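Asks: Those protein sequences? They're chains X and L, same order as listed. The opening residue of the first sequence carries number 0 in numbering that gives the first Met the number 0; numbering runs sequentially from there. The opening residue of the second sequence carries number 0 in numbering that gives the first Met the number 0; numbering runs sequentially from there.
Mixed in with the good hints there might be a few duds.
Covered stretches of chain L, going by a simulated chain X footprint (3 or more residues, C-beta under 8 Å) [unchecked claim]:
1) 3 to 11
2) 37 to 51
Only pairs whose alpha carbons sit at most 30 Å apart, straight line, appear in this in silico BS3-like list of lysine-lysine [as the list claims (entries may be wrong)]:
3) L:K30 to X:K120
4) L:K30 to X:K134
5) L:K30 to X:K41
6) X:K31 to L:K10
7) X:K166 to L:K2
Covered stretches of chain X (chain L as the covering partner; in silico rule of three or more C-beta atoms under 8 Å from a C-beta of chain L) [as the list claims (entries may be wrong)]:
8) 105 to 118
9) 122 to 134
Derived from the structure by calculation, the hints contain no laboratory data. In this text the structure is predicted, and so the values were computed from the model without any measurement. Positions of the beta carbon are idealized from the N, C-alpha and C atoms, including for glycine.
Each chain, written out:
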Amino acid sequence: MEYFKLLGQLKTRRKQILDGDNSDGTRNEYKKDLSKLIQAQKDAARRNAIRFKTPNYRPDGILNDREVAELLQPYRQYENSDENPRTSGISIDDTTSFLERQLEMAVPELDESFVANLPGKWKLTSRYAYIGRIKYHSNLASDTIVETLPKNMGGWSLPAEQTELFKKSAYARLLILSTPKAKVSTYREIVDDRGNTIRLYRNPRSSSPRNISATEKDIKVAADAFALIKDRIGSDKKPVTVSFVTSSSIVPGRVKSKSGKSLGFAFAGGGAHVFADRNKNRVGTEVLATEKYDPQSSWHSYIPKDDDEYMMHTIIHEIGHVHMYKYWGQDNILNTGREALENDYKKFGIDRLRANAISRYGRESNVEHFAEAYSRYIMTGDATPEFLDLLRSKGLLKSQKDG
Amino acid sequence: MEKAERNYVTKFPYLIDNEDGPEDGVLDITKLSDDELLDLIPALPEATKELYFRQYILSEPKDN
Chain X
0 MEYFKLLGQL KTRRKQILDG DNSDGTRNEY KKDLSKLIQA QKDAARRNAI RFKTPNYRPD
60 GILNDREVAE LLQPYRQYEN SDENPRTSGI SIDDTTSFLE RQLEMAVPEL DESFVANLPG
120 KWKLTSRYAY IGRIKYHSNL ASDTIVETLP KNMGGWSLPA EQTELFKKSA YARLLILSTP
180 KAKVSTYREI VDDRGNTIRL YRNPRSSSPR NISATEKDIK VAADAFALIK DRIGSDKKPV
240 TVSFVTSSSI VPGRVKSKSG KSLGFAFAGG GAHVFADRNK NRVGTEVLAT EKYDPQSSWH
300 SYIPKDDDEY MMHTIIHEIG HVHMYKYWGQ DNILNTGREA LENDYKKFGI DRLRANAISR
360 YGRESNVEHF AEAYSRYIMT GDATPEFLDL LRSKGLLKSQ KDG
Chain L
0 MEKAERNYVT KFPYLIDNED GPEDGVLDIT KLSDDELLDL IPALPEATKE LYFRQYILSE
60 PKDN
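With the hints as constraints, model all of the structure from the sequences given.
Replies: The structure is reproduced here in C-alpha cells:
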C-alpha cells in the first residue's frame, strides 16, 4: 500500500519540478521519496528474509547520473553485503502453496458416489478447482492493474522484472484475505457432460465443510431440472450455472437484503441463483392440492405438488432468465438480451396480460412472463403456439436438434 | 493526480424473484464493501479487479 502511495507522491513532485519548480527543497523531497521507495522494498525483503536486489533506476530527466549513483549507493552496498540473504528463506511460492492448502481444506465436501448417481452425467470437481478460479481471477486483475498503472499513476510503470513478483504477491495477498472468509465464500461444483454446473456454497454458520447451502434432496432436484430441460429442448449449447446460495454469502447489497425470503435471482454474467431455505419457503401442500391452475390469477405458471416441485419451478424459472441473457443477449451489461426479447414478444404477438397470460407473476413484465412460460413448458410440456415460435426462433426446441 | 480510471465492467444487471414480486436492477461493484467483493470473487473476475484497483491504485480500502 505504502509503495503505491509513494508512487503517487513522486508523481506529484515530479510534475512540480517539470512545471518549473526546480528549487532545492522540492528536488530534495523528490530524492527523499525515491529513497523511501527503495527503502520500503529493502525493508520488505529483510522482513521476509528474501534477497534484496537494488532497483535498476536510471536518470529520469530530473536526477543526473551522479545523483542516481548517490541515491542507489547505500542500497548497492547492502545488496552486496553478507547481511543480504543469498537465497530467500521462504519463497513466495512456498507461502502461496501453504495458503492454498489452507483454503483447500475449507472447500465444501461432497459425497462422490452421491454425485455419480444423480440423473445425468454429473461429476464432482476437485477441491482445487475453487483455488484455481481465484488464481485465474487474481492474474486477470493483476494484468489489468499493471496495464493501467502508467495511465493511473501518471506515467509510472512497473519494471518488467517486477511484474511477475507483483502478480505473485497480489495473489498471495488475495489468498490471505480469502482464507478467513473461507467459511463464507468457498464453494464446490458438480458439472455435467454438457458443462452445466451446480454450485454449492459452504454454510457460513457451520464449522464443518460438509455443511453446505443445499441438501442432497435439493441437489437432486436441480439435477432433475437439468434432465427435464434436456428432455424438452435437447442439448443446449450454452451451459448454465445454478448456484445454491446461503443467506449470507455471495449475495451482495440490495440482493442480500432480500435474501431472507427471496427464492431465486439471476444476474447477467453470473448465472442462476437459488436460496434453498426449506424452513422458510415450505409450501403448504394441503393448500396447493386444492388450488387449480389459472393463467390469470395463479401466482405461478404451475401448481407444484410439493416442496421439491416448488423448488424445481424456481430453479427452472431462474434458468429461463439466464437463457434470455445468453440466447437473446450476450450475458453481460452491454447486452442482457432484454431488448431483443421485448422485440420478439412483439414479433410473435405474445401478450402477457391477456391472450398469452401465464400467471400473476408473469403479468409483471415480459421478462418474467418468459421465465414463467419457460418454466411451465419445461415442467409440463404446455406452451402456446406463439411461445413455441419464440423458442423455435432460437433453436430451443428438441425437435430442431433431433432432426 | 488525474482521476484514476477503471477499465473493466463494474455493473451487473440482476433479476430477483421473491414473494413480493420481481425486482430488477443493477449491481454496482464499486459500491460494495471489501467483504462483499471477497464473497463475489470466485464468481466474477471483476470483483478481484475492483479490489486490486482500490488497494493498489486508489490505496483506499473500503471496509464494512
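Asks: Now, for every hint given, state plainly whether the structure supports it.
Replies: Hints and how they fare:
1. 3 to 11: holds (count 7)
2. 37 to 51: holds (count 13)
3. L:K30 to X:K120: Violated, at roughly 40 Å.
4. L:K30 to X:K134: The given pair, whose Cα atoms are some 24 Å apart, holds under the 30 Å limit.
5. L:K30 to X:K41: With Cα atoms ~36 Å apart, K30 of chain L and K41 of chain X exceed 30 Å; violated.
6. X:K31 to L:K10: violated, 41 Å
7. X:K166 to L:K2: holds, 24 Å
8. 105 to 118: Per the Cβ count (0), the hint is violated.
9. 122 to 134: Per the Cβ count (3), the hint holds.
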